[in-house]
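Protein sequences, first through last, are from chains A, B and C. Under the numbering used here, residue 500 is the last one in the first sequence; the count climbs by one each step, no gaps. Under the numbering used here, residue 330 is the last one in the second sequence; the count climbs by one each step, no gaps. Under the numbering used here, residue 232 is the last one in the third sequence; the count climbs by one each step, no gaps.
Just to be clear, a hint being listed does not mean it is correct.
Claimed, not checked - DSS-like cross-link-like pairs, simulated, lysine-lysine; straight-line CA separation at most 30 Å:
| hint | chain 1 | residue 1 | chain 2 | residue 2 |
| --- | --- | --- | --- | --- |
| 1 | B | Lys115 | A | Lys410 |
| 2 | C | Lys86 | A | Lys429 |
| 3 | A | Lys429 | A | Lys490 |
| 4 | C | Lys151 | A | Lys495 |
| 5 | B | Lys278 | A | Lys54 |
| 6 | C | Lys147 | C | Lys83 |
| 7 | B | Lys77 | B | Lys91 |
| 8 | A | Lys490 | C | Lys86 |
| 9 | C | Lys206 | A | Lys384 |
| 10 | A | Lys495 | C | Lys86 |
| 11 | A | Lys164 | A | Lys430 |
| 12 | A | Lys164 | C | Lys82 |
| 13 | C | Lys147 | A | Lys490 |
| 14 | A | Lys429 | A | Lys492 |
| 15 | C | Lys166 | A | Lys429 |
| 16 | B | Lys273 | B | Lys91 |
| 17 | B | Lys67 | A | Lys54 |
| 18 | B | Lys77 | B | Lys189 |
| 19 | C | Lys157 | A | Lys492 |
| 20 | A | Lys164 | A | Lys490 |
The set of hints was computed from the structure by calculation and includes no laboratory data.
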Amino acid sequence: MLEYIGPALQQLFTIENFLWMNVGVFIGSIFAAIPGLSVILCIILFLPFTYKMTAIPGMMFLLGIYCAGGYGGSVSAILINTPGTPHAATTMLDGHPLSQKGRTKTALRAALYASTFGGIFSALALLFLAPQVAKIAAQLGTAEYFLVCLFGLTIIAGISGKSLIKGIISAALGLLISCVGADPLTGYDRFTFGNVRLYMGLDLAICLIGLFALVEILGKAEGKVGPLKLDTSKIKTEDKITKEEGKRMILPAIVSSIIGVIIGIIPGTGASMASWFSYDRAKAMSKHKEEFGHGSIEGIAAAESANNAVTGATLIPLLTLGIPGDGCVAIMLSALMINGLNPGLSLFTTQGDIMYAIMIGLIFVNLFMFLQGRYLTDLFAKIVSVPQEILTPIIVMFCFAGAFSVNKSYFDVVVILVFAAIAWIMKKLDMPTVPILLGLVLGNMTETNFRRALLLTDGSFSIFVSSWYCIAFLVLIIGAVSMIVINKMKEGKKGEAN
Amino acid sequence: MKKIVSLVLSVLMVATLLVGCGNKTETWTVTCPWAPSGVAAMVSQKAASLSTEYSKDIILVADAIKGDAATVNTWVASTKASDPELVFAGEGLFSITSILDPAKLQFTYDDFTYVENLYSSIFVMSADTKLGIDSIDSLKAYLEAGNEVSIATNGATGSEAFLAASLIGAMGYGDQLKLVAYSSAAEAAQAVSRGETNLAVSHQSQILETYQQGGVTMVCAFDAEDIADGPFAGVEGVGKHGYPFFRNRCFIMARSGADANKVAALKALYGEILADAEVADWLSNTMLLEVDTMTEEQVLEHIENVKNIVNEYYDLVAN
Amino acid sequence: MKDFIKNMEEKLDSMGAKLAKKEIKIPTDLAAAIVFFILGIVLMLLVPSQVTVGKDEVVSGAAFPTYLCYIMIGGSVLVAAQNILKMVRKEPVETKTINALVEIKALIIFGILVVFWLICNLTELFVLGALWCAVAFLLFFRCKKKSYYIITVAFAVGIWAAFRFILNVNF
Chain A
3 MLEYIGPALQ QLFTIENFLW MNVGVFIGSI FAAIPGLSVI LCIILFLPFT YKMTAIPGMM
63 FLLGIYCAGG YGGSVSAILI NTPGTPHAAT TMLDGHPLSQ KGRTKTALRA ALYASTFGGI
123 FSALALLFLA PQVAKIAAQL GTAEYFLVCL FGLTIIAGIS GKSLIKGIIS AALGLLISCV
183 GADPLTGYDR FTFGNVRLYM GLDLAICLIG LFALVEILGK AEGKVGPLKL DTSKIKTEDK
243 ITKEEGKRMI LPAIVSSIIG VIIGIIPGTG ASMASWFSYD RAKAMSKHKE EFGHGSIEGI
303 AAAESANNAV TGATLIPLLT LGIPGDGCVA IMLSALMING LNPGLSLFTT QGDIMYAIMI
363 GLIFVNLFMF LQGRYLTDLF AKIVSVPQEI LTPIIVMFCF AGAFSVNKSY FDVVVILVFA
423 AIAWIMKKLD MPTVPILLGL VLGNMTETNF RRALLLTDGS FSIFVSSWYC IAFLVLIIGA
483 VSMIVINKMK EGKKGEAN
Chain B
12 MKKIVSLVLS VLMVATLLVG CGNKTETWTV TCPWAPSGVA AMVSQKAASL STEYSKDIIL
72 VADAIKGDAA TVNTWVASTK ASDPELVFAG EGLFSITSIL DPAKLQFTYD DFTYVENLYS
132 SIFVMSADTK LGIDSIDSLK AYLEAGNEVS IATNGATGSE AFLAASLIGA MGYGDQLKLV
192 AYSSAAEAAQ AVSRGETNLA VSHQSQILET YQQGGVTMVC AFDAEDIADG PFAGVEGVGK
252 HGYPFFRNRC FIMARSGADA NKVAALKALY GEILADAEVA DWLSNTMLLE VDTMTEEQVL
312 EHIENVKNIV NEYYDLVAN
Chain C
62 MKDFIKNMEE KLDSMGAKLA KKEIKIPTDL AAAIVFFILG IVLMLLVPSQ VTVGKDEVVS
122 GAAFPTYLCY IMIGGSVLVA AQNILKMVRK EPVETKTINA LVEIKALIIF GILVVFWLIC
182 NLTELFVLGA LWCAVAFLLF FRCKKKSYYI ITVAFAVGIW AAFRFILNVN F
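Given these sequences and hints, build the entire structure.
If you want it as structure tokens, here you go:
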């Protein structure tokens, strides 16, 4: 590890990297603060920009967006009782009541300090844990990788919404879409309908622009547009976090950061789960339980440190195994691979300097998030008020320009339109679209490793129990599936009781 | 507000006009249809970074759009002879895809004007250390004993797969061959070092780390003679034993009908860049490649040689 | 001109009001099950013609897509069965109201996007399409503020310029 730190710092400390970190943090904060715009949308829109960059500035930019998204969502949650991101809903429980008590600045500062603490904690966890996990990953073969993918697919349970079966159907559709193009093991074409443009398959970023960004534009048909009325004068109050409050924030921030890291490492769980779980823990541990829900500083600290502690941890399975921890980092996979950084295997040895630069960079991203949050929050709040009439066409232009620039082809713009239509129909049918993303990300890897494993053993399934790693992953899969079944049964019983 | 908007628009317009104004320097975009991390893209990037040092008239800009035949199809369809555009194309497109899947190619060699070939790369075969295969003879003995061999290659129908098939096929053991495709050369190298496959075919640079760590033994090089120097010096060439081989080459092409003077200027520029001591050192020591400028006749000969190999061992690769 | 716009808006409002009243309630789970059942069958029927299979493949390239079609079909049957059972038991099922006005508006937005693509594709000038997009969306939102038009048009040119001259995307 130490041998990479020197070269990594050399690669990291450039004006370009620090500039992109700050641009990412700034844009991410704004997107997360505006209800209706999401961090995932932001990453999708700006992903094509990174195709022109090298790995480190590209990842710094995306990580800036991703981390700032963890904090930015709390701005509107505190100010207007509308969470900018789903995980900020937990922050809203205490943030807005505290703001209503005339302590807006305290609420925002508490959210910022906790977010920064969680983020740095998570970045350090990434720095020290990822190389160890990578060492194990290097010993995994084709059969083990297939089982890792299978374990990754159990994420569907967490992202399916109300119906697990509907989630599985959506994931199957995503996996089928990943089959388009040349068969990775034989080179024969599949589902190309003779179209030359489809020989290389569908680009992940292109599909995502249609599925998640353009469908939001179609969604403008449903709602009324109007600027958000934010009273930015609220931020200019003179209130401060007291010493006593500061002390009370420490324990929930530490515990929640640990919870956030653990949950972040498990693919498919995400920041929302970490926030709610940590909030619940903080409440159970607090001496001031009665304050929770009425402006508790501990509640804000728990929720915000947990959701930011997820950010670095989700990168651990991504960088070491190629399994994205959540939807946002799934997209970052594209940015890594376009630069030839294939997760897992030799990433930590052959590209060790780049990897360590990215991981150390994450600490600085959190520091810049703190500085921007400290001095630019009122600016973010003003930008949140940008009228939707202006924002909508701008997002469309970014979508089209981004889609075109991936392969420099207007065919890809047609693809995003088709995916937007699919997503719209799925929305009408209450079908979750996030499992499609999972299918797209894991499809090729799952199929290739499954078929290659059977090719190596001439069709014998014994290869899937041929090592201790295989057995360990099988146990994990069985455990995860059992948990899902038990939870669903509990939910069913609860439903019946209600 | 109005003032700000007017100012922004004026600045944008002036900037647009300034960029639009012509100057004497011509910027040539060099499109590489493979991954930006690949050997060709890296060499192209290196050459582009030095173009301004060697020419006042030409700036080379390297671009990598992973898409293989699809990227070149798009390039051919959208590029006119007068456009300052160059593209990479290799034996994979002209000799392999043209035979395996001609429908994928919406171009022929005649759609291009040859500019230069920058490098050539000698593929090597490595083996799982446990098998004790470290020469062509020991490989032959292993096969003679009736053992089946699985060979890891980057891609299902690439140059590596055909070289593996041609060697085992020419030895007469084609029916004992099992080609296992991986999605990257790094994965293929890991597979053989873990013992998942018996052998692997890859570029030298892609197996170097595993070899230096003792993860694999070297079997042979796909060239006429033994490798002369570098970390793989002494690895025997299959050509010596009469087995088929070819080197990996990537030609830089302009659109057919491109101005002959400009093509000559580009060729000269590439020549100067390749003669740069730093470039030569980087190519041979870091990338383990050889500078290999070629005439068009040599290029056509290379394409024909690979075509013959593909035709002969087609059945072993594409079952 | 102002009268013309006013007349147009009044007409659109009255049309909108009529459309807004046209609603149908669909059982979403059942509808989703039917749609994905049909999709699964269609894709499965397409596999033989769209996937080439080699002679000696241990697991062919057709196997994985076929399994996925089975999952899609099986899942759809399960969802449909659950829903029908609920209906028979007269338990509440998941429903969604489809409003004609919302769907027409969505179609108009989709139309704006298609025209954006057409302009870019035919003229090979992204900036023209972007200008169309800016104006079309503001008209769609019935925006009357001139400053909004100026800002959005400036952004259209700015985005094109950023991609064209900074990122070197030639469009």
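Evaluation of the provided hints:
no.: 1; hint: Lys115/B to Lys410/A; verdict: 19 Å, holds
no.: 2; hint: Lys86/C to Lys429/A; verdict: 15 Å, holds
no.: 3; hint: Lys429/A to Lys490/A; verdict: 23 Å, holds
no.: 4; hint: Lys151/C to Lys495/A; verdict: 18 Å, holds
no.: 5; hint: Lys278/B to Lys54/A; verdict: 26 Å, holds
no.: 6; hint: Lys147/C to Lys83/C; verdict: 27 Å, holds
no.: 7; hint: Lys77/B to Lys91/B; verdict: 21 Å, holds
no.: 8; hint: Lys490/A to Lys86/C; verdict: 27 Å, holds
no.: 9; hint: Lys206/C to Lys384/A; verdict: 19 Å, holds
no.: 10; hint: Lys495/A to Lys86/C; verdict: 28 Å, holds
no.: 11; hint: Lys164/A to Lys430/A; verdict: 15 Å, holds
no.: 12; hint: Lys164/A to Lys82/C; verdict: 29 Å, holds
no.: 13; hint: Lys147/C to Lys490/A; verdict: 17 Å, holds
no.: 14; hint: Lys429/A to Lys492/A; verdict: 27 Å, holds
no.: 15; hint: Lys166/C to Lys429/A; verdict: 15 Å, holds
no.: 16; hint: Lys273/B to Lys91/B; verdict: 14 Å, holds
no.: 17; hint: Lys67/B to Lys54/A; verdict: 25 Å, holds
no.: 18; hint: Lys77/B to Lys189/B; verdict: 28 Å, holds
no.: 19; hint: Lys157/C to Lys492/A; verdict: 26 Å, holds
no.: 20; hint: Lys164/A to Lys490/A; verdict: 10 Å, holds
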